[in-house]
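Student: The lines below spell out each chain.
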Amino acid sequence: MKKVLTVAAFTYRELIRSNMFYVWLVSVVVLSGLAMVLSMLSFGDSVKIFLDLGLVAMEMGGTIVLLLSLAVTYNTEMDQKAIFLQLAKPITRGEYLLGRVLGFYMVVGLFVLGMGLVIAGLGVCWGGTIPGLFWASSVYLLMEMFLLCTLGLTFQMMGTTMVGSFLYTVFTIFLGHLIGEIEWLLGQDIASWIKTLLRYIEIVLPNMEVFNLKDRLYDPTLILGWAQYRDTFLYAFGYSFVVFMIGWINLEKREFK
Amino acid sequence: MDKTFARGVIRMTATSAPPSPAVRISGLSKIYKTGFWFLPKVSRALKSLDLEIAPRQAFGLLGLNGAGKTTAIKIMLGLLKPDTGTVEILGGHIGQRSIRNRIGYLPELPYFSRQHTGRELLAYFGALHGLSGKALSSRVDEVLELVRMTKSANEKLAGYSKGMQQRIGIGQALIGKPEFLICDEPMSGLDPVGYKEMRDIFIDLKRTGTTLFLNTHILDEVERICDRVGVLHEGVLKDIQNVTDIMDSDLPVDYWIDVKSGEASKLSGLPFREAVARHEGIHVQGAALSETLALISSKGARVCGIRPLSSQIEAYFLKTIGLDRIISHAAVPSPGGAS
Numbered sequence: 001m002k003k004v005l006t007v008a009a010f011t012y013r014e015l016i017r018s019n020m021f022y023v024w025l026v027s028v029v030v031l032s033g034l035a036m037v038l039s040m041l042s043f044g045d046s047v048k049i050f051l052d053l054g055l056v057a058m059e060m061g062g063t064i065v066l067l068l069s070l071a072v073t074y075n076t077e078m079d080q081k082a083i084f085l086q087l088a089k090p091i092t093r094g095e096y097l098l099g100r101v102l103g104f105y106m107v108v109g110l111f112v113l114g115m116g117l118v119i120a121g122l123g124v125c126w127g128g129t130i131p132g133l134f135w136a137s138s139v140y141l142l143m144e145m146f147l148l149c150t151l152g153l154t155f156q157m158m159g160t161t162m163v164g165s166f167l168y169t170v171f172t173i174f175l176g177h178l179i180g181e182i183e184w185l186l187g188q189d190i191a192s193w194i195k196t197l198l199r200y201i202e203i204v205l206p207n208m209e210v211f212n213l214k215d216r217l218y219d220p221t222l223i224l225g226w227a228q229y230r231d232t233f234l235y236a237f238g239y240s241f242v243v244f245m246i247g248w249i250n251l252e253k254r255e256f257k
Numbered sequence: 258m259d260k261t262f263a264r265g266v267i268r269m270t271a272t273s274a275p276p277s278p279a280v281r282i283s284g285l286s287k288i289y290k291t292g293f294w295f296l297p298k299v300s301r302a303l304k305s306l307d308l309e310i311a312p313r314q315a316f317g318l319l320g321l322n323g324a325g326k327t328t329a330i331k332i333m334l335g336l337l338k339p340d341t342g343t344v345e346i347l348g349g350h351i352g353q354r355s356i357r358n359r360i361g362y363l364p365e366l367p368y369f370s371r372q373h374t375g376r377e378l379l380a381y382f383g384a385l386h387g388l389s390g391k392a393l394s395s396r397v398d399e400v401l402e403l404v405r406m407t408k409s410a411n412e413k414l415a416g417y418s419k420g421m422q423q424r425i426g427i428g429q430a431l432i433g434k435p436e437f438l439i440c441d442e443p444m445s446g447l448d449p450v451g452y453k454e455m456r457d458i459f460i461d462l463k464r465t466g467t468t469l470f471l472n473t474h475i476l477d478e479v480e481r482i483c484d485r486v487g488v489l490h491e492g493v494l495k496d497i498q499n500v501t502d503i504m505d506s507d508l509p510v511d512y513w514i515d516v517k518s519g520e521a522s523k524l525s526g527l528p529f530r531e532a533v534a535r536h537e538g539i540h541v542q543g544a545a546l547s548e549t550l551a552l553i554s555s556k557g558a559r560v561c562g563i564r565p566l567s568s569q570i571e572a573y574f575l576k577t578i579g580l581d582r583i584i585s586h587a588a589v590p591s592p593g594g595a596s
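Taken in order, these protein sequences are the chains called A and B.
Numbering (our numbering) for the first sequence: 1 to 257.
Numbering (our numbering) for the second sequence: 258 to 596.
Hints may contain errors.
Partial selection, computed: residues in chain A whose CB lies under 10 angstroms from chain B [stated by the list, open to error]:
1) Val7
2) Phe10
3) Ile16
4) Ser18
5) Thr73
6) Thr76
7) Lys81
8) Leu85
9) Lys89
10) Ile91
11) Thr92
12) Lys195
13) Lys253
14) Phe256
Below, a list of computed lysine-lysine pairs in the DSSO-like style, where the Cα atoms sit at most 27 angstroms apart [what the hints assert, rightly or not]:
15) B:Lys434 to A:Lys81
16) B:Lys304 to B:Lys338
17) A:Lys81 to B:Lys298
18) B:Lys290 to A:Lys81
19) A:Lys81 to B:Lys304
20) A:Lys3 to B:Lys338
21) B:Lys453 to B:Lys463
22) B:Lys413 to A:Lys81
23) A:Lys257 to A:Lys3
24) B:Lys463 to B:Lys408
25) A:Lys81 to B:Lys419
26) A:Lys257 to B:Lys495
27) A:Lys257 to B:Lys290
28) B:Lys517 to A:Lys253
29) B:Lys413 to A:Lys3
30) B:Lys290 to B:Lys338
31) B:Lys434 to A:Lys3
32) A:Lys81 to A:Lys3
33) B:Lys338 to B:Lys453
34) B:Lys495 to B:Lys576
Here are some, though not all, of the chain A residues that point toward chain B, as calculated from beta-carbon distances under 7 angstroms [said to hold, decoys possible]:
35) Glu14
36) Arg17
37) Phe21
38) Pro90
39) Ala227
40) Glu255
Rather than coming from a laboratory, the hints here were simulated on the basis of the structure.
All C-beta atoms, glycine included, are put in the ideal place defined by N, C-alpha and C.
Can you make the complete structure from the sequences, with help from the hints?
Tutor: See below:
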């Protein structure tokens with residue numbers, strides 16, 4: 001475990017010191033500012049709308065940070081072959097991959113936490129109160145981001161190109177948000193082969209809607225108990241675990257020409 | 258120790274069994290497949306490679322680009338899987354963590370995360386070798402001193418020159434005090450000072466008993482550092498020789514003879530007269546050297562310098578891969594002839 005943490009700390013430092021950190025700062029300012037301006041222009045409770053948009057901004061920003069992190073590490077590790085040196089050291093490929101994943105979790109976690117605090121702070125300064133669902137939504141967002149990190153790194157380890165791994169990740173994120181639409185289609189009168197195909201897609205794709213609490217921030221009927229947290233956590237953990245194992249198996253088999 | 262049982266008496270006989278090799282490669286083959294699955298292009302990178310390297314030996318693997326040298330190294334390190342054959346390093350398999358802990362590796366033109374300092378990078382690789390706390394920091398200091406990077410240790414790698422990166426590269430290879438060091442083109446991109454420093458490091462390592470495996474095409478490097486040399490050509494290990502045997506051999510070496518240009522008139526009738534008049538030297542093969550010198554001397558002209566144009570190692574290498582005749586015929590039309 002010590003070696004896993006060593007790789008995680010190294011990855012974290014690498015990402016946080018890269019230009020991506022400035023992108024992070026800029027996106028915090030721009031996205032928070034944008035959320036503020038839009039909420040001022042809209043009708044209704046400005047603070048509520050600001051918190052709502054703030055969560056959307058957190059998700060967008062988190063995804064940007066994740067994709068940039070993947071690009072940074074892909075360039076160093078795969079294109080420039082820095083991975084050779086590390087895999088030649090007394091560390092297993094599984095330890096290496098787990099370390100990278102944890103390093104990514106730390107960076108994305110820092111982003112979500114940082115941006116959540118900025119949004120909440122601005123909301124309080126604006127005279128509003130922060131509902132408990134805002135924090136719950138942030139925790140759900142964090143779980144979503146962790147899942148996407150595992151997915152993105154797995155695509156990276158599967159021997160695709162940088163563009164390939166970038167596109168696969170974006171595509172999966174996009175389709176993952178369409179699970180609701182896929183379920184709706186399954187209920188329609190369509191050809192059986194399309195239904196079978198859609199069922200497979202539904203099983204394979206991550207269901208991003210599981211993590212979506214943003215739309216229900218002020219829904220009085222929504223009551224979150226420990227069971228909901230547990231189920232969402234288990235889904236995120238289970239899906240990430242399976243994806244991690246696929247990435248690990250691929251990395252074990254991968255040859256570095 | 259052999260135990261012999263005779264009439265109830267145990268006799269212990271000391272035997273000097275040869276030490277087991279640091280590296281034992283048997284029947285190693287590797288094929289690269291590219292292209293589409295239904296239309297694959299196949300290239301054989303290694304063909305049944307057999308090689309043994311004794312402990313504390315410095316071995317140089319020579320070969321042209323694409324000869325299969327890097328493939329051999331990557332298989333040794335477990336980065337590639339062989340199609341056939343086995344590799345045994347330090348008595349074990351590369352997959353074993355304990356074996357990898359005793360190996361150092363320097364790739365050709367190493368690249369590191371540019372966001373870290375030299376010290377942080379060495380500390381990271383040291384930690385991967387299981388070092389921690391004071392042992393780690395003192396080993397990092399020791400290696401920084403060894404590769405002469407103490408002054409730049411706290412600067413980010415983004416600001417390092419190619420030579421500095423190469424030095425920090427050898428530093429990471431040495432951080433775990435390896436018993437066996439594998440280097441792929443270690444002199445790439447180094448200036449003359451860096452080249453000399455790197456060579457001194459290798460000579461020091463050799464002195465302290467580290468087994469070295471140098472993959473190179475800088476022949477001078479092999480001559481100065483290595484004990485044995487192997488020639489890999491088109492995936493086949495053509496030959497292995499002791500460097501001293503090559504140096505003692507009578508392989509043809511080319512020479513360049515400088516004659517005072519003012520004395521060209523004395524060389525009338527000799528084929529290289531015009532060349533001397535044009536302030537050029539005379540390019541001769543080793544076998545023709547004494548004959549050519551005697552000719553020049555018989556005409557009363559003075560030779561002001563004789564320089565070897567190639568080395569024994571170069572001649573050995575070219576001969577082994579079958580390029581000696583082609584190259585010498587192109588360069589030297591006839592023994593003693595002007596070029």
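Student: If a hint holds in the structure, say so; if it doesn't, say that too.
Tutor: Comparing the hints with the structure gives:
| no. | hint | result |
| --- | --- | --- |
| 1 | Val7 | holds (8 angstroms) |
| 2 | Phe10 | holds (5 angstroms) |
| 3 | Ile16 | holds (8 angstroms) |
| 4 | Ser18 | holds (6 angstroms) |
| 5 | Thr73 | holds (9 angstroms) |
| 6 | Thr76 | holds (5 angstroms) |
| 7 | Lys81 | holds (6 angstroms) |
| 8 | Leu85 | holds (7 angstroms) |
| 9 | Lys89 | holds (4 angstroms) |
| 10 | Ile91 | holds (5 angstroms) |
| 11 | Thr92 | holds (7 angstroms) |
| 12 | Lys195 | violated (31 angstroms) |
| 13 | Lys253 | holds (9 angstroms) |
| 14 | Phe256 | holds (4 angstroms) |
| 15 | B:Lys434 to A:Lys81 | holds (23 angstroms) |
| 16 | B:Lys304 to B:Lys338 | holds (14 angstroms) |
| 17 | A:Lys81 to B:Lys298 | holds (24 angstroms) |
| 18 | B:Lys290 to A:Lys81 | holds (20 angstroms) |
| 19 | A:Lys81 to B:Lys304 | holds (26 angstroms) |
| 20 | A:Lys3 to B:Lys338 | holds (24 angstroms) |
| 21 | B:Lys453 to B:Lys463 | holds (15 angstroms) |
| 22 | B:Lys413 to A:Lys81 | holds (19 angstroms) |
| 23 | A:Lys257 to A:Lys3 | holds (25 angstroms) |
| 24 | B:Lys463 to B:Lys408 | holds (26 angstroms) |
| 25 | A:Lys81 to B:Lys419 | holds (16 angstroms) |
| 26 | A:Lys257 to B:Lys495 | holds (23 angstroms) |
| 27 | A:Lys257 to B:Lys290 | holds (11 angstroms) |
| 28 | B:Lys517 to A:Lys253 | violated (66 angstroms) |
| 29 | B:Lys413 to A:Lys3 | holds (23 angstroms) |
| 30 | B:Lys290 to B:Lys338 | holds (13 angstroms) |
| 31 | B:Lys434 to A:Lys3 | holds (18 angstroms) |
| 32 | A:Lys81 to A:Lys3 | holds (20 angstroms) |
| 33 | B:Lys338 to B:Lys453 | violated (35 angstroms) |
| 34 | B:Lys495 to B:Lys576 | holds (10 angstroms) |
| 35 | Glu14 | holds (5 angstroms) |
| 36 | Arg17 | holds (4 angstroms) |
| 37 | Phe21 | violated (10 angstroms) |
| 38 | Pro90 | holds (4 angstroms) |
| 39 | Ala227 | violated (41 angstroms) |
| 40 | Glu255 | holds (5 angstroms) |
Hint compliance for this structure: hints 12, 28, 33, 37, 39 are broken, all remaining hints hold.
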